[in-house]
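Engineer: Letter by letter, the chains look like this.
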Amino acid sequence: MRFGGLTAVRSVDFTVNSGEIVGLIGPNGAGKTTFFNCLTGLYVPTEGTVSYQGTVLPPKPHLVTKAGIARTFQNIRLFANMTVLENVLVGRHTRTREGLWSALLRGPGFKKAEKASEARAMELLEFIGLAHKRDHLARNLPYGEQRKLEIARALASEPGLLLLDEPTAGMNPQETRATEELVFAIRDMGIAVLVIEHDMRFIFNLCDRVAVLVQGEKLVEGTSEVVQADDRVIAAYLGEPFEGDPAQNEAKAAGTTKGEAQ
Amino acid sequence: MHTLPQQLANGLLLGSMYGLIAIGYTMVYGIVQLINFAHGEIFMTGAFGALTVYVYILPDGTSMWAAVPLMLIGGGIVSVLVAVGAERFAYRPLRQAPRLAPLITAIGLSLTLQELVRNFYPGADKSRAFPSLDATHSIGSVDITDADIFLVCAAIVCMSSLAWFVRKSRTGRAMQATAQDPDTAQLMGIDTNRIIVVAFAIGGFFAAVAALSYGLKYGNIDYRMGFLMGLKAFTAAVMGGIGNIYGAMLGGVVLGIAETLASAYISNIPGMQQLGGQSWANVWAFVLLILVLLFRPQGLLGERVADRA
Numbered sequence: 015m016r017f018g019g020l021t022a023v024r025s026v027d028f029t030v031n032s033g034e035i036v037g038l039i040g041p042n043g044a045g046k047t048t049f050f051n052c053l054t055g056l057y058v059p060t061e062g063t064v065s066y067q068g069t070v071l072p073p074k075p076h077l078v079t080k081a082g083i084a085r086t087f088q089n090i091r092l093f094a095n096m097t098v099l100e101n102v103l104v105g106r107h108t109r110t111r112e113g114l115w116s117a118l119l120r121g122p123g124f125k126k127a128e129k130a131s132e133a134r135a136m137e138l139l140e141f142i143g144l145a146h147k148r149d150h151l152a153r154n155l156p157y158g159e160q161r162k163l164e165i166a167r168a169l170a171s172e173p174g175l176l177l178l179d180e181p182t183a184g185m186n187p188q189e190t191r192a193t194e195e196l197v198f199a200i201r202d203m204g205i206a207v208l209v210i211e212h213d214m215r216f217i218f219n220l221c222d223r224v225a226v227l228v229q230g231e232k233l234v235e236g237t238s239e240v241v242q243a244d245d246r247v248i249a250a251y252l253g254e255p256f257e258g259d260p261a262q263n264e265a266k267a268a269g270t271t272k273g274e275a276q
Numbered sequence: 073m074h075t076l077p078q079q080l081a082n083g084l085l086l087g088s089m090y091g092l093i094a095i096g097y098t099m100v101y102g103i104v105q106l107i108n109f110a111h112g113e114i115f116m117t118g119a120f121g122a123l124t125v126y127v128y129i130l131p132d133g134t135s136m137w138a139a140v141p142l143m144l145i146g147g148g149i150v151s152v153l154v155a156v157g158a159e160r161f162a163y164r165p166l167r168q169a170p171r172l173a174p175l176i177t178a179i180g181l182s183l184t185l186q187e188l189v190r191n192f193y194p195g196a197d198k199s200r201a202f203p204s205l206d207a208t209h210s211i212g213s214v215d216i217t218d219a220d221i222f223l224v225c226a227a228i229v230c231m232s233s234l235a236w237f238v239r240k241s242r243t244g245r246a247m248q249a250t251a252q253d254p255d256t257a258q259l260m261g262i263d264t265n266r267i268i269v270v271a272f273a274i275g276g277f278f279a280a281v282a283a284l285s286y287g288l289k290y291g292n293i294d295y296r297m298g299f300l301m302g303l304k305a306f307t308a309a310v311m312g313g314i315g316n317i318y319g320a321m322l323g324g325v326v327l328g329i330a331e332t333l334a335s336a337y338i339s340n341i342p343g344m345q346q347l348g349g350q351s352w353a354n355v356w357a358f359v360l361l362i363l364v365l366l367f368r369p370q371g372l373l374g375e376r377v378a379d380r381a
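Protein chains in written order, with the working numbering: chain A, 15 to 276; chain B, 73 to 381.
Simulated from the structure, these hints should not be mistaken for laboratory data. Computed from a predicted model, the values in this text were never measured in an experiment. Backbone N, C-alpha and C fix where the C-beta goes; we use that ideal spot for every residue, glycine too. Some clues are possibly wrong.
Which residues of chain B face chain A? A partial, calculated answer using Cβ under 8 Å [claimed, not checked]:
1. 171
2. 172
3. 248
4. 249
5. 252
6. 253
7. 255
8. 256
9. 263
Dumping the calculated DSS-like pairs for lysine-lysine here, alpha-carbon to alpha-carbon at most 27 Å [unchecked claim]:
10. 129/A with 240/B
11. 126/A with 289/B
12. 240/B with 125/A
13. 240/B with 80/A
To list a few chain A residues with every Cβ distance to chain B over 12 Å, as calculated [to be verified]:
14. 17
15. 21
16. 25
17. 26
18. 33
19. 48
20. 59
21. 66
22. 146
23. 177
24. 190
25. 202
26. 223
27. 242
Take the sequences, apply the hints, and build the full model.
Structural biologist: As structure tokens, then:
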């Protein structure tokens, strides 16, 4: 994926198996969100393709969703003026059918389908614990619940692969814990999960595998231990140590001064 | 004859017609932020579609009971095709262009449609007679015609179906979602291009309903009828809060009543004798628009702009 002369994401090969949680980390600007946008068809990749379950996906967001990939957003993007239940029902769009005439005439088939869809949406709201707020407007929910609702809305499209873009951004430690439990529960439903996150503790607790993206390229992929021990990853985040590092000299100098004062 | 109840009824009828047309402006604006200035012409072509059915397709002497539904279907088909065609061939290629480009296109399309009808529809350059329903009924001190009854019933049925459709049906929900955030709506699996087509089609059909009512009520149509009606309906949509379907209907009714009352009563005010009558009706309509926009820029039922983001 290139924007003008800038290559934002370059040949990232990636496999996520169902029932697996994979983390995607990397410093700011590494191309993590761009990668998600390519996967979901928001950006048309300059070169290359996205395949899911062996078939190449067309870069049309609604077809990607239909094929079974759902996502949440780094900045919450709920339908703010719709109720909690309506938000989830919109998520069910691809999994429901409706003819124009049956909708206008409100036939029995229409009512039945609508009921079934609503029941499924309510199950999801139970699952994330927002069933009691079904008729609240999404914009009136507290922040943490908005995040949860986004996950429910994504689950409503019955995905095989769920992409979470910084699901715990701005959350307090308890909320982060709760989100961890939620992601485990989603994995146990047999859904493959790919998480972007900056909270390393969250990532290493959660993920079976972690991939590190740096400057648009996949640097390392492996278990938490492998990634944590990799020097290149540390270098990407903190920079390389080098000879004559002024910070080290300063530290030495500070030590000396201290010694003299004593 | 010209009592206050009669004037209110006249205003309500005119307003229902404005409201039906205004729906087309407001739905399209709500979803693609485009002011479809060709909508008045979509209304006009609907009237000619209905007339074609009556004059060229139905045998002479068909009863109006049978003719009106068929004329509605004919007018509806023409208006919907013109509206959807405009979207597909004029507006969709400009979806990513700066806002002025589709606006200018809309004005061009509007003139094109007018000229096409003027040049190629027999007799359309002058006004053409339209079968009217002018049998009059008296309810108390109010006289209404069959055409008025048709208009009121059609407006009520159309508006309540639309309100239900948008709030409760799957496509309606997808429409709301697309209006609020098109990118996210796509990621929910909504084909936003299809939703936009549906919005244009509904607007087109409602314009055809209004066009048929117009013909039945006034008894003649011409190729310029869409200009002023379109402008007034647009005013109604803005006054009610553009993007809001209830606002469009309310704006239409308020505008219709205000216009009728102003032309009937303003000349009774000492010193304003010259400012009454039909010729000043448009002036008062736009004065009202200016006043509403001064004190409530978002329109009567409009949301604050910040809510849309």
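Engineer: With reference to the structure, classify each hint as holding or not holding.
Structural biologist: Each hint, compared with the structure:
1. 171: With Cβ-Cβ at 22 Å, over 8 Å, it is violated.
2. 172: violated, 25 Å
3. 248: Since chain A brings a Cβ to about 6 Å from residue 248/B, closer than 8 Å, the hint holds.
4. 249: Since the shortest Cβ distance to chain A is 5 Å, the answer is holds.
5. 252: holds, 5 Å
6. 253: holds, 6 Å
7. 255: holds, 7 Å
8. 256: Because about 5 Å separates residue 256/B from the closest Cβ in chain A, which is inside the 8 Å limit, the hint holds.
9. 263: holds, 5 Å
10. 129/A with 240/B: Roughly 12 Å separates the two Cα atoms, so the pair holds.
11. 126/A with 289/B: Violated, because 42 Å separates the two Cα atoms, which is more than 27 Å.
12. 240/B with 125/A: Measuring from Cα to Cα gives roughly 11 Å; hence the hint holds.
13. 240/B with 80/A: holds, 22 Å
14. 17: holds, 16 Å
15. 21: Residue 21/A is indeed farther than 12 Å from all Cβ atoms of chain B, at 23 Å.
16. 25: Non-interface label stands for residue 25/A: nearest chain B Cβ at 24 Å, farther than 12 Å.
17. 26: holds, 20 Å
18. 33: For residue 33/A, whose nearest Cβ neighbour in chain B is about 23 Å away, the distance exceeds 12 Å, so it holds.
19. 48: holds, 15 Å
20. 59: It holds; residue 59/A is separated from chain B by about 17 Å at its closest Cβ, greater than 12 Å.
21. 66: The claim stands: residue 66/A keeps its Cβ more than 12 Å from every Cβ of chain B (closest is about 14 Å).
22. 146: Label holds. Min Cβ-Cβ 22 Å, cutoff 12 Å.
23. 177: violated, 10 Å
24. 190: holds, 24 Å
25. 202: holds, 24 Å
26. 223: The claim holds: residue 223/A sits with its nearest Cβ about 25 Å from chain B, beyond 12 Å.
27. 242: holds, 33 Å
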